[in-house]
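Sequence lines, in order, name chains G and R.
First residue of the first sequence? That's 1 in the numbering used here, and the numbers climb one at a time after it.
First residue of the second sequence? That's 252 in the numbering used here, and the numbers climb one at a time after it.
These are calculated hints, taken from the structure and not from any lab test.
Using N, Cα and C, we set each Cβ at its ideal position, and we do this for glycine too.
Do not take every clue at face value.
[Claimed, not checked] FRET-style restraints, in silico, Cβ to Cβ:
| hint | chain 1 | residue 1 | chain 2 | residue 2 | range |
| --- | --- | --- | --- | --- | --- |
| 1 | R | 315 | G | 112 | 48 to 58 Å |
| 2 | G | 234 | R | 285 | 31 to 41 Å |
| 3 | R | 359 | G | 198 | 50 to 60 Å |
| 4 | G | 117 | R | 262 | 18 to 28 Å |
| 5 | G | 21 | R | 312 | 35 to 45 Å |
[Claimed, not checked] Residues from chain G shown here face chain R by an in silico Cβ test under 10 Å; the list is partial:
| hint | residue |
| --- | --- |
| 6 | 57 |
| 7 | 162 |
| 8 | 163 |
| 9 | 185 |
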Amino acid sequence: MSVPRRGAGASQGGAADEHDPDAWREGIRAGLPTLFGIGAWGMVVGIAMVKTGLTVLQASGMTLLVFAGSAQLASLPLIAAHAPAWVIFATALVVNLRFVIFSALLAPHFAHLPWKQRFYLGYISGDMTVAMFLQRFPSPAPERGKLSYLKGLMYPNWVVWQAGSFAGIFLGSAVPSEWGLGFAGTLAILCILIPLIANSAALCGVLVSGVVAVLAYGLPYKLGLLVAVVAGMLTAMAAEECLVKRKRGHG
Amino acid sequence: MADWEIWLVIVVLVAATAATRSSFWLIGHRVTLPPRVQEILRFAPPCALAGIVGPDLVLNLRGELDLNLSNPRLLAGVAALGFYLLRRNMLQTIVFGMLVFTLLRVLYVFAAAG
Chain G
1 MSVPRRGAGA SQGGAADEHD PDAWREGIRA GLPTLFGIGA WGMVVGIAMV KTGLTVLQAS
61 GMTLLVFAGS AQLASLPLIA AHAPAWVIFA TALVVNLRFV IFSALLAPHF AHLPWKQRFY
121 LGYISGDMTV AMFLQRFPSP APERGKLSYL KGLMYPNWVV WQAGSFAGIF LGSAVPSEWG
181 LGFAGTLAIL CILIPLIANS AALCGVLVSG VVAVLAYGLP YKLGLLVAVV AGMLTAMAAE
241 ECLVKRKRGH G
Chain R
252 MADWEIWLVI VVLVAATAAT RSSFWLIGHR VTLPPRVQEI LRFAPPCALA GIVGPDLVLN
312 LRGELDLNLS NPRLLAGVAA LGFYLLRRNM LQTIVFGMLV FTLLRVLYVF AAAG
């Protein structure tokens with residue numbers, strides 16, 4: 001996306017944060033093509049929650065409060081297996097680790113805002129939001145319209161996700177389990193996973209993690225997923241070091 | 252799980268999400284992550300997602316390994332993977348994968364009945 005850069009505008013945070021209708025609309029336009037996928041992904045998570053046995057109220061609470069599709073999907077098999085809360089916490093933390101990177105990338109742009117606003121902006125920033133915002137505003141220097149552009153990306157993303165989730169919650173309660181609609185969740189994760197495999201080191205880690213998760217499936221407290229992630233990360237790091245060494249060896 | 256346990260899980264998920272998503276928004280201007288740590292963190296998400304998908308595809312509902320062609324999840328998953336690599340579109344891939352999955356499932360139901 002190559003949008004013409006706006007002038008540096010006001011150098012002070014306060015003026016740069018005023019609502020800018022142009023930037024807001026620009027954000028909405030930029031996010032529009034991703035909304036179909038977001039809605040579908042929300043619907044899939046909604047269906048999966050209900051199919052795990054959550055009541056409509058519980059599922060609605062989860063989607064409104066948590067707003068983290070992959071962490072929600074990861075928690076569902078653990079809920080079904082009565083895993084202890086600390087295992088669910090640790091698993092969700094690991095699945096969410098990518099957001100630590102995202103928040104480290106995005107936060108410097110808005111460090112001057114009050115902490116409550118920073119907290120909620122961070123809380124509702126999803127994968128797509130971060131990627132698209134950084135495409136448009138690579139530099140963290142204050143710039144007019146930044147905040148409005150971010151909101152233009154974020155708010156429709158949040159609304160469409162929630163609408164999709166609620167559609168899924170009600171659809172899920174209406175459709176019999178034998179249809180296997182929960183499998184759509186697996187397919188959605190597959191689609192998120194592939195673009196994250198940035199290099200061959202990551203591919204090694206992913207393969208090892210997948211295999212270890214299957215082998216360790218029977219572990220007590222449902223620790224299999226955590227063991228798999230650690231094994232995968234160690235493999236990816238080792239693979240990367242090997243690749244770097246080989247590159248150096250060949251000059 | 253009891254009702255309160257589900258709500259406890261929801262609270263725990265909120266904590267895990269807030270801790271990861273809002274962390275640097277709150278303290279980011281005071282600390283910087285060493286590049287090495289950033290690299291390690293970068294590998295976590297794909298590994299975590301692979302750890303979820305792997306068992307979903309090759310284990311049956313009783314948690315046993317099932318690598319046979321009669322496992323509709325495995326076949327549909329592989330088909331969806333190929334489709335995504337070609338088209339790079341999430342929505343289309345989910346629809347395609349679910350169609351393959353449903354077709355296979357219906358075929359097996361008929362085969363088992365016949």
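We went through each hint and held it up to the structure:
Between residue 315 of chain R and residue 112 of chain G the beta carbons are some 56 Å apart, a value that agrees with the proposed interval 48 to 58 Å. Checked against the hint of 31 to 41 Å, the pair residue 234 of chain G and residue 285 of chain R fails, with Cβ atoms roughly 18 Å apart. The supplied range of 50 to 60 Å is broken by residue 359 of chain R and residue 198 of chain G, whose beta-carbon atoms lie about 37 Å from each other. In this structure the supplied range 18 to 28 Å holds for residue 117 of chain G paired with residue 262 of chain R, their Cβ-Cβ distance being about 23 Å.
Range check, residue 21 of chain G to residue 312 of chain R: Cβ separation about 52 Å, and the 35 to 45 Å hint is violated. The restraint placing residue 57 of chain G at the interface with chain R holds, with a minimum CB-CB distance near 9 Å, inside the 10 Å limit. Hint status for residue 162 of chain G: violated, given a least beta-carbon distance of 15 Å to chain R, over 10 Å. Nearest Cβ of chain R to the Cβ of residue 163 of chain G: about 15 Å, over the 10 Å cut. The hint is violated.
Interface restraint check: residue 185 of chain G against chain R, minimum CB-CB distance 8 Å, threshold 10 Å, status holds.
Of the numbered hints given earlier, the model fails hints 2, 3, 5, 7, 8; all others are met.
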